[in-house]
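Trainee: Take a look at the letters that make up each chain.
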Amino acid sequence: MSAEIVALDAALARAGENITIRRKAGTGQNQINIDVEVRARVDWKRSDEMVGTLFQTWGEVILSPTQILAAQWPGGGPVSTVTDRTDPRIPRANDFAVIQGKQRQILTSKPIIIGQWVRCELTVVG
Amino acid sequence: MMLNPGTYTLAALGITTALTSSIQTEIEDLEGALSATLEARFAYGSGGTTCFVKVQTMIDGTNWLDIARFDFTTASAVKVANISGLLSKAVTAYAALSAEGVLDGVLGPSLRAVVTSTGTYVDTSLSVRVNVR
Numbered sequence: 001m002s003a004e005i006v007a008l009d010a011a012l013a014r015a016g017e018n019i020t021i022r023r024k025a026g027t028g029q030n031q032i033n034i035d036v037e038v039r040a041r042v043d044w045k046r047s048d049e050m051v052g053t054l055f056q057t058w059g060e061v062i063l064s065p066t067q068i069l070a071a072q073w074p075g076g077g078p079v080s081t082v083t084d085r086t087d088p089r090i091p092r093a094n095d096f097a098v099i100q101g102k103q104r105q106i107l108t109s110k111p112i113i114i115g116q117w118v119r120c121e122l123t124v125v126g
Numbered sequence: 127m128m129l130n131p132g133t134y135t136l137a138a139l140g141i142t143t144a145l146t147s148s149i150q151t152e153i154e155d156l157e158g159a160l161s162a163t164l165e166a167r168f169a170y171g172s173g174g175t176t177c178f179v180k181v182q183t184m185i186d187g188t189n190w191l192d193i194a195r196f197d198f199t200t201a202s203a204v205k206v207a208n209i210s211g212l213l214s215k216a217v218t219a220y221a222a223l224s225a226e227g228v229l230d231g232v233l234g235p236s237l238r239a240v241v242t243s244t245g246t247y248v249d250t251s252l253s254v255r256v257n258v259r
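Chains A and B, in that order, give the protein sequences.
In this text, residue positions in the first sequence follow the working numbering: the first is 1, and each later residue adds one.
In this text, residue positions in the second sequence follow the working numbering: the first is 127, and each later residue adds one.
By construction, these hints were calculated from the structure, which means they are not laboratory data.
Remember, it's a predicted structure, so these values are computed and weren't measured experimentally.
For each residue, glycine too, the CB sits at the ideal point set by N, CA and C.
Just so you know, not all the hints are guaranteed correct.
[As the list claims (entries may be wrong)] Where chain B lies over chain A, by a calculated footprint (3+ residues, C-beta under 8 Å): (1) 30-41; (2) 65-79.
[Said to hold, decoys possible] The calculated label-pair distances, taken between Cβ atoms and stated as ranges, are: (3) B:SER214 <-> A:ALA7: 47 to 57 Å; (4) A:VAL79 <-> B:GLY245: 21 to 31 Å; (5) B:VAL217 <-> A:GLY28: 23 to 33 Å; (6) B:THR242 <-> A:TRP44: 40 to 50 Å.
[Stated by the list, open to error] Sample of chain B residues with no beta-carbon within 10 Å of chain A, all distances over it, derived: (7) GLY132; (8) GLY140; (9) SER148; (10) ILE149; (11) GLN150; (12) THR175; (13) THR176; (14) THR200; (15) TYR220; (16) GLU226; (17) GLY227; (18) GLY234; (19) ALA239; (20) VAL254.
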């Protein structure tokens with residue numbers, strides 16, 4: 001495990017919270033949730049940071065790949081060519097994050113890759 | 127002692143147009159697993175004809191072996207099976223599984239699902255989850 005991940009995991013253990021990353025499959029009333037619990041740091045926008053159409057329901061989430069890789073999330077999916085940016089294990093826009101019991105949509109996902117995936121920064125709303 | 131016991135998703139997908147042996151990515155690093163409890167959950171919307179999913183394991187690093195097959199048609203259903211890695215088994219010629227078949231006693235360190243369907247389903251989904259321990 002890289003030093004970056006070890007340091008991030010230690011920081012999240014001290015100052016993070018458990019959230020659930022959720023991907024949905026299927027359509028209509030029979031959608032399936034594919035969940036994984038991860039340790040993350042969640043920061044909500046303060047009122048003095050509000051500009052334009054930014055709302056206070058927007059949050060920034062930092063998470064480590066550790067729990068996702070351990071759980072082999074999201075599990076089986078169609079076999080395809082995987083690059084760093086299309087790796088299905090990396091949370092992506094239109095996935096969801098369940099934070100403090102409320103499901104919120106992921107707007108943006110920025111994986112940090114330093115030789116390997118070491119961190120993910122999400123913007124969530126809801 | 128088993129590496130990485132827990133619950134994993136072998137497949138989770140919407141079923142729409144017909145699929146022919148659609149291979150799902152595998153779950154790996156399950157060395158030491160003594161049993162695998164499988165749950166296949168078919169949530170039916172409308173349309174379609176038949177759908178089945180085979181769960182396979184790999185022992186030799188190359189060839190996949192069917193260990194359970196779950197068959198569905200046009201109704202929602204939840205089906206389960208348990209595979210024991212400790213079951214004594216007489217020498218048996220391997221054969222692909224037919225409907226609702228199980229090959230108990232054969233459990234390797236990797237698992238995957240392979241989905242086949244006929245007809246066009248609408249708002250229908252299939253998930254296969256396994257608890258290995």
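Trainee: Are the hints correct? Go through all of them and say.
Mentor: Outcome of the hint check:
no.: 1; hint: 30-41; verdict: holds (count 4)
no.: 2; hint: 65-79; verdict: holds (count 10)
no.: 3; hint: B:SER214 <-> A:ALA7: 47 to 57 Å; verdict: holds (49 Å)
no.: 4; hint: A:VAL79 <-> B:GLY245: 21 to 31 Å; verdict: holds (23 Å)
no.: 5; hint: B:VAL217 <-> A:GLY28: 23 to 33 Å; verdict: violated (48 Å)
no.: 6; hint: B:THR242 <-> A:TRP44: 40 to 50 Å; verdict: holds (46 Å)
no.: 7; hint: GLY132; verdict: violated (7 Å)
no.: 8; hint: GLY140; verdict: violated (3 Å)
no.: 9; hint: SER148; verdict: violated (6 Å)
no.: 10; hint: ILE149; verdict: violated (5 Å)
no.: 11; hint: GLN150; verdict: violated (3 Å)
no.: 12; hint: THR175; verdict: holds (17 Å)
no.: 13; hint: THR176; verdict: holds (17 Å)
no.: 14; hint: THR200; verdict: holds (13 Å)
no.: 15; hint: TYR220; verdict: holds (22 Å)
no.: 16; hint: GLU226; verdict: holds (20 Å)
no.: 17; hint: GLY227; verdict: holds (20 Å)
no.: 18; hint: GLY234; verdict: holds (16 Å)
no.: 19; hint: ALA239; verdict: violated (5 Å)
no.: 20; hint: VAL254; verdict: violated (7 Å)
The earlier numbered hints that this structure contradicts are 5, 7, 8, 9, 10, 11, 19, 20.
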